[in-house]
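Undergrad: Take a look at the letters that make up each chain.
There are 2 protein chains.
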Amino acid sequence: MNDFTYLSPTRLIVGRQAENQAGTWIKEYGGSKVLVHHDSGFMKQNGFIDRVIEQLKADGLSVVELGGVVPNPHLELVQEGIALCKKEEVDFLLAIGGGSVIDSTKAIAMGLQYEGNVWDFFIEKDGEPLNVPAKSTPFGVILTIAATGSECSNSCVITKADENLKRFCDNDVNRARFAIEDPELTMSLPPFQTACGVVDIMSHSMERYFTPEKENMVLTDYLCEAIFHTCMECGRILRDDPNNYEARANIMVASSLSHNGLTGMGRTGDWASHYIEHELSGEYFSVTHGAGLAVLTPAWMRYVYKENQTLFLKWATRVMGVSMDYEKPERTILEAIDRLETFYKEMGMPTRLSELPGVENLDEAVMEKMAKRVRVMHPDGSVGGFKRLYTEDIINIFRMAM
Amino acid sequence: MNDFTYLSPTRLIVGRQAENQAGTWIKEYGGSKVLVHHDSGFMKQNGFIDRVIEQLKADGLSVVELGGVVPNPHLELVQEGIALCKKEEVDFLLAIGGGSVIDSTKAIAMGLQYEGNVWDFFIEKDGEPLNVPAKSTPFGVILTIAATGSECSNSCVITKADENLKRFCDNDVNRARFAIEDPELTMSLPPFQTACGVVDIMSHSMERYFTPEKENMVLTDYLCEAIFHTCMECGRILRDDPNNYEARANIMVASSLSHNGLTGMGRTGDWASHYIEHELSGEYFSVTHGAGLAVLTPAWMRYVYKENQTLFLKWATRVMGVSMDYEKPERTILEAIDRLETFYKEMGMPTRLSELPGVENLDEAVMEKMAKRVRVMHPDGSVGGFKRLYTEDIINIFRMAM
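Quick note, the sequences are listed as chains L and Y, same order. Here this note's numbering is used: the first residue of the first sequence is 1, the next is one more, and so on. Here this note's numbering is used: the first residue of the second sequence is 1001, the next is one more, and so on.
Don't read these hints as lab results, they were simulated from the structure. A few of these clues could be false.
Below, computed lysine-lysine pairings styled on BS3-like, alpha-carbon distance capped at 27 Å [as the list claims (entries may be wrong)]:
#1 Lys-27(L) to Lys-1135(Y)
#2 Lys-1314(Y) to Lys-314(L)
#3 Lys-1306(Y) to Lys-1214(Y)
#4 Lys-314(L) to Lys-345(L)
#5 Lys-372(L) to Lys-306(L)
#6 Lys-1135(Y) to Lys-135(L)
#7 Lys-328(L) to Lys-306(L)
#8 Lys-1160(Y) to Lys-1087(Y)
#9 Lys-387(L) to Lys-372(L)
#10 Lys-387(L) to Lys-369(L)
#11 Lys-1027(Y) to Lys-135(L)
#12 Lys-44(L) to Lys-57(L)
Residues of chain L placed beyond 10 Å of chain Y at every Cβ, according to the derived structure [stated by the list, open to error]:
#13 Thr-5
#14 Arg-16
#15 Ala-365
#16 His-378
By construction, the Cβ of each residue, glycine as well, lies at the ideal position given by its N, Cα and C atoms.
Whole structure, please, built from the sequences with the hints as guidance.
TA: This is the structure we're talking about:
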């Protein structure tokens, strides 16, 4: 186990109609003038956001509203939000939505406490961020999509649309004060969005499970596996019964635990699949992050598993339920990867790049362009912890995924 | 899943020599004059506590020292600590030790922010605490024994020695600001203490696993099972190799996660074994909490399993590795309980009341006295969530455990 520090201070408030508690908690954390940030989508159209705002006002809070967040949220709206909040003297931010809305909120919250351009926190110079946020305006979340785990993570991903640049800023100032999770809110999601969420949640613990440590990582292995089992069992239930409350609730809480740092304690993390996917959905805005991961993860697995077959065998037998092939252990692993791909297909996910909208005709030139743009993790220009991947490796993974 | 709120704000700082960071974190949380609280035991005698104090002073902090905490920590020393801290104007408390030292620290911290007698928080009137703490002086922990999980729990257990009363106060003011966990510090523990810790850690998640909910509790079942697997795998390693760093580290982190609320999210909790054991070690100060649990838990299981055989079958097959007996499922459960008892024996634990020091000649009169004294959980005078137990049930469990 590597030395580590773990902090997950976000208060989880889980249950039916939990959103009615938002005003109470905002006041508990010192808020009085609140930005309600959202994507102007279904939750606005069905009146949910207006009902929350009415309740906040009834609780004695002032409210400013800013909608319009798009998937892979744009820097432009973040800048607009910062200007609006400064003008309106907002002292608390409430994200109502999924990862895109939460990340847009986090970026606004950082920008409010910074004199310079908030994009400084997202771009690098000589392999280091141009600047590191020192603080952030407090914010909370009403979660409406279980997927990114941004409600409990320290991560914020923003896209600069004019350059097709999707970049992140990981810092503890990005921790929400509270995350309100009403599982019923996720019941109206299209099956595709639910499935993308399940893939993303699994992926956050896969990135922490397939790590370079060679010793036996007992506790965190089991914690990651708890996420995998939960996602697969409850994902299958939701495919057949989208209104199953227990399955919705389990997936929602799994979303938060899979990306708050818990499953990665004392481990290095891989993150290659995520970094590569960020370039894919940064290049093709029509690609949903979870769908991109469903395509790239099995390809990544087939490309890297030889680095640590012991760990892949543990996953294959304990998680994917494959019987150990003692004569040819490799078969056990390949069967498990096939089963993962089958699970993704059963959930309605694409598992080839060519099945993704807009990516049908991905050619080698674009593969190379994206591969070269993947944010590097190591001074040698590579990405990934489990196996270090260079540009040519990434192109190979794209090829395997076509 | 029941509605729930989850908050675990304690910062975990894990690794070799992590104790050297104590001063930095105390200052981060606003401390300047620190009470160092301990048990005057091995860690004092081997110079560790003096080294920590020197480091705190080198970090610019003032230090007051109070040792002398005993197992099942006494109210008397808590009162002494409160008086000392008031006189010395202490603004931060640092517990160096295990559960007893941490709980004594928590009680002092509550008493410092309360005009009345701190015992008010521990005693009941008409089934409610006489008073509820509103705040507490901030405190941190350097953990030297992995067992009670008090470093991350909201719980505090104090004994009023003159009345043999062991009572608790569960409140979020009892959350430590940080818990420093250096696995090497636990290597010098006697095997018996290590084993008692393993039993206690397992027990904290068993109390959250065997709960009255009838639906399938997917995620938290797996999280509890992660704790069980980790304790059994790493416990066996430590029995043969007490200096195994990885096993020490896994047990230490499991201690914190097993009692910070994580494994009980959305569940009711049972706690009968704990409540009954508190009377046992409250009556016999020579009984270590973990050893008492090793005796009482299997007896409790055999007494209650028929309430929800499905859940016991899940535990028997997924955790204890028993093959399902489809003809007579009950056999699967009884075999699993036998295996748990065997594991405890392998760890050097007693598994009968008569093997506990001082309890050899426990008679029916004392059983009845203890059973009647068990703190009730429900208005009908019973204790336990999985199965409600009345005085006669508790006496039966004592009898089965003799």
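Undergrad: Evaluate each hint against the coordinates.
TA: Hint by hint, here is what the structure shows:
Our distance criterion of 27 Å between C-alpha atoms is met by Lys-27(L) and Lys-1135(Y), whose separation comes to about 18 Å. Of the pairs offered as hints, the one joining Lys-1314(Y) and Lys-314(L) holds, with about 20 Å between alpha carbons and a cut-off of 27 Å not exceeded. Of the supplied pair hints, the one linking Lys-1306(Y) and Lys-1214(Y) holds, its CA atoms being roughly 13 Å apart against a limit of 27 Å. For a cut-off of 27 Å, the pair hint linking Lys-314(L) to Lys-345(L) stands: about 23 Å separates their Cα positions.
In summary, the hint linking Lys-372(L) to Lys-306(L) is supported, as the alpha carbons are separated by about 24 Å, within the 27 Å threshold. Taken as a hint, the Lys-1135(Y) and Lys-135(L) pair is honoured in the structure, with Cα atoms around 26 Å apart against an allowance of 27 Å. Our distance criterion of 27 Å between C-alpha atoms is met by Lys-328(L) and Lys-306(L), whose separation comes to about 13 Å. The suggested pairing of Lys-1160(Y) with Lys-1087(Y) holds, with an alpha-carbon distance near 24 Å, which does not exceed 27 Å.
At most 27 Å may separate the alpha-carbon atoms for a hinted pair to count; Lys-387(L) and Lys-372(L) meet this at roughly 17 Å. Our distance criterion of 27 Å between C-alpha atoms is met by Lys-387(L) and Lys-369(L), whose separation comes to about 21 Å. A hinted pair counts as satisfied when its Cα atoms are at most 27 Å apart, and Lys-1027(Y) with Lys-135(L) qualifies at roughly 18 Å. Of the pairs offered as hints, the one joining Lys-44(L) and Lys-57(L) holds, with about 17 Å between alpha carbons and a cut-off of 27 Å not exceeded.
Separation of Thr-5(L) from chain Y is inadequate, the least Cβ-Cβ distance of about 5 Å not exceeding the 10 Å criterion. For Arg-16(L), the requirement that its beta carbon stay farther than 10 Å from each beta carbon of chain Y is not met, with the minimum near 7 Å. Against chain Y, the non-interface label of Ala-365(L) holds: every CB pair exceeds 10 Å, the least being about 44 Å. For His-378(L), the requirement that its beta carbon stay farther than 10 Å from each beta carbon of chain Y is met, with the minimum near 22 Å.
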